[in-house]
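Could you build the full structure based on these sequences and the hints that come with them?
Sequences listed follow chains A and B, in order.
So in this note's numbering the end of the first sequence lands on 751, straight run, no missing numbers.
So in this note's numbering the end of the second sequence lands on 729, straight run, no missing numbers.
Everything labelled a hint here was simulated from the structure, so no lab data went into it.
The beta-carbon is built from N, C-alpha and C at its ideal position, and this holds for glycine as well.
Treat the hints loosely; a few may be bogus.
What the hints assert, rightly or not - Computed cross-link-like contacts, BS3-like style, restricted to lysine-lysine with a CA-CA straight-line distance of at most 25 Å:
id, chain 1, residue 1, chain 2, residue 2
1, B, LYS565, A, LYS576
2, B, LYS729, A, LYS576
3, B, LYS565, A, LYS580
4, A, LYS576, A, LYS625
5, A, LYS575, B, LYS492
6, A, LYS580, A, LYS634
7, B, LYS528, B, LYS729
8, B, LYS492, A, LYS580
9, A, LYS712, A, LYS697
10, A, LYS580, A, LYS625
11, B, LYS495, A, LYS580
12, B, LYS565, B, LYS492
What the hints assert, rightly or not - Using C-beta positions, here's what the derived DEER-type ranges look like:
id, chain 1, residue 1, chain 2, residue 2, range
13, B, VAL697, A, GLN532, 48 to 58 Å
14, B, ILE488, A, LEU514, 52 to 62 Å
15, A, ARG522, B, LEU480, 48 to 58 Å
16, A, PRO556, B, LYS495, 24 to 34 Å
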Amino acid sequence: MDQQPTAAGEIILQVDNLGKHYNGVSAVAGISFAVRAGECFGLLGPNGAGKTSAIRMIYGFAPPSSGSLRVFSLDVADDWRRIRSRVGVCQQDNTLDPDLSVLQNLLIFAGYFQIPADQARERAEELLHFFALEKKREAKVGELSGGLARRLTLARALINDPELIILDEPTTGLDPQSRHLLWEKLHALRARGKTFILTTHYMEEAAQLCDRLVIMDHGRILIEGAPTGLIEAHVGSSIIEVSGADQELVDFLAERKVEFDRMADRLVIYNKGNAEIEQAVRAGFHSRQCTFRSATLEDVFLRLTGRELRE
Amino acid sequence: MIRMSNISWRFLSVWRRNLIVYRKIWKVNFLVPLLEPAFYILAFGLGFQGLVQGLSYGGKALAYTQFMAPALIAISIMYNSFFETTYASFVRMYYQKTFDGMMTTPLSLEEIILAEIVWGATKATAAAAVMTLVLGLFGFVNFPQGLLIVPLAFLGGLAFGAVGMFFTGITPSIDMFNLPIFLFITPMFLFSGTFFPVSGLPEWAQTAALIFPLYHLVELSRACCLGLVETNPLLSLGYLIVFTLCFLVLGLTTMRRRLIK
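Rendered as structure tokens:
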């Protein structure tokens, strides 16, 4: 690549008050954030939160309806070609070319970036090796399993040696083995200083991979921060789950002003590391099934976006 | 709106992708244009020729097969390019999401669509070239001017590829392609001076035939193969060029509206 590599910490993506409206409906309703070089930035949210719409604007697929968007300090509307030549996108849908073999998928894609043939071949071999796809080089794409197809999609997204890698739900629908392998590869890429933007439904994945993340809902950003910080700030460090809870426990908690969420026959108590409450629950309500556990990003997510189904 | 800055030679990389896929089954792809004219010539030559007497075209008496052979080439150009940018492009766009993948690279939608149309024209040209050779062996094409079929096929391919892309841009589903085929392609196939001279039709029908791009393609194809015409070939050429340009713009516009949201 002939571009200057971006220095660490430099702002790679600057999003200001970005909006996307379809026929009067706001898919993205004014979001702002910035991503620095070398960071892994997560966009989280329930289905329909506006994650994919936001991502499509970032790589210049969909024009923004309002606000501004700068990638590598370039404007997407004018410099989309230069931006896309430095970005790798792993789309949510399988967009691999089923008419071509595994190796051809990489080589032809390199052609779209105008990468010279010998360089493309070298790069393709490297990527096949990195993603353990060497034995499948002549396979038809339609014959690949979900995990293999996703690895190839990611390999293809890296063909232009991008500085910024955009991953839209990279592990959805994969088995645990494939998912862990993919995480491993993403960690390896991070170690090489790549910048990532990631959307996912898996909070474990976000907590593990992301330095910083936002949780979106209804096209807006609800919170932004580092995973551990967000957990600490919004649900505290520890959680008690009680099944078969009764009014007695509810009253007890309300009296002590402890936050909790009430479900059909379960209480999720955010005791924020308060040992006294924990002791009291242990002692006074031990007849019910109690689980004492650390809080996770999933607790934050559900607290903020609610527990009702979206679709 | 179509931006001219979005169109560059990069479209050739998409064209090349289609060529590579085509080459995988090139033998099958060449079999159709190789055998199709032979079937038609046999069927019409052996079975139909005796019924048709006294056919004259451009002021010259012609055997029925001689009259029909150049039209076969024109029809093949129309089918090859129109089906490529309707069914085949629709499958790539909608079912295979190939265009979505391409749109993450420095390719513009305009380049992708242009490449599809040019590819349709290329496929039509290859088929027409094979057919011309086969018909030439039967003695239905005068060489060397018969070689002009090659550039003509490319122009005709662009025309029908572009109009096909326009339908792809507006069709709600792949099944709805039946409509333009039934209302546009089939009437043209029958009434463009393909199987009988337009000059034998009533006045109003002759005028109507002038609107059909296939009529002009057939005229030019006969000019190339036999050196005979019934209208001014320059007008036919002009009509095809204008038709192509109009539908290139319409095809690009409707596809942009369809895909960029």
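Results of checking the hints against the structure:
1. LYS565(B) x LYS576(A): Holds. LYS565(B) to LYS576(A) sits at ~22 Å (cutoff 25 Å).
2. LYS729(B) x LYS576(A): violated (36 Å)
3. LYS565(B) x LYS580(A): Distance of about 16 Å is within 25 Å: holds.
4. LYS576(A) x LYS625(A): holds (18 Å)
5. LYS575(A) x LYS492(B): holds (21 Å)
6. LYS580(A) x LYS634(A): violated (30 Å)
7. LYS528(B) x LYS729(B): violated (56 Å)
8. LYS492(B) x LYS580(A): Judged against 25 Å, a Cα distance of about 13 Å means the pair holds.
9. LYS712(A) x LYS697(A): holds (12 Å)
10. LYS580(A) x LYS625(A): holds (23 Å)
11. LYS495(B) x LYS580(A): holds (20 Å)
12. LYS565(B) x LYS492(B): Holds: LYS565(B) and LYS492(B) sit about 21 Å apart, inside 25 Å.
13. VAL697(B) x GLN532(A): 48 to 58 Å: holds (56 Å)
14. ILE488(B) x LEU514(A): 52 to 62 Å: Because 32 Å falls outside the window, the suggested range is violated.
15. ARG522(A) x LEU480(B): 48 to 58 Å: With Cβ atoms ~20 Å apart, the hint is violated.
16. PRO556(A) x LYS495(B): 24 to 34 Å: holds (31 Å)
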